[in-house]
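Undergrad: Generate the whole structure from the sequences, applying the supplied hints.
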Amino acid sequence: MAGSDLTAPLGMNKRGGIRRLPLGLVGVAIMTVVLTTGFIWIGIVDDPNGGSQ
Numbered sequence: 000m001a002g003s004d005l006t007a008p009l010g011m012n013k014r015g016g017i018r019r020l021p022l023g024l025v026g027v028a029i030m031t032v033v034l035t036t037g038f039i040w041i042g043i044v045d046d047p048n049g050g051s052q
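Mapping of the sequence shown onto numbering that gives the first Met the number 0: residues 0 to 52, in sequence order.
Worth double-checking, as some hints may not be accurate.
Across the chosen pairs, the derived CB separations fall in these ranges [unchecked claim]:
{"hint": "1", "residue 1": "Arg-19", "residue 2": "Gly-42", "range": "29 to 37 Å"}
{"hint": "2", "residue 1": "Asn-48", "residue 2": "Arg-19", "range": "29 to 37 Å"}
{"hint": "3", "residue 1": "Pro-21", "residue 2": "Asn-48", "range": "38 to 46 Å"}
{"hint": "4", "residue 1": "Asn-48", "residue 2": "Gly-23", "range": "34 to 42 Å"}
{"hint": "5", "residue 1": "Leu-20", "residue 2": "Trp-40", "range": "24 to 32 Å"}
{"hint": "6", "residue 1": "Arg-19", "residue 2": "Ile-39", "range": "27 to 35 Å"}
{"hint": "7", "residue 1": "Leu-20", "residue 2": "Gly-42", "range": "28 to 36 Å"}
{"hint": "8", "residue 1": "Leu-22", "residue 2": "Gly-42", "range": "26 to 34 Å"}
Simulated from the structure, these hints should not be mistaken for lab results. Fair warning: this is a prediction, and the values are worked out from it, not measured in the lab. Beta carbons are placed, not taken as given, at the ideal position from N, Cα and C, and that holds for glycine.
TA: Structure (structure tokens):
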């Protein structure tokens, strides 16, 4: 009885996880990460002098 409670701690079921999310939501999350990384790269890394000449 107690053993079945320990297989899925904190209310997380065994079948859950990222696979149950809609594909569009996963795609939007990946696009957000890629775009944010790109904007940070363009704004900071690609311009090390901060725009000063």
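Undergrad: So which hints don't hold here, by number, going up?
TA: 2
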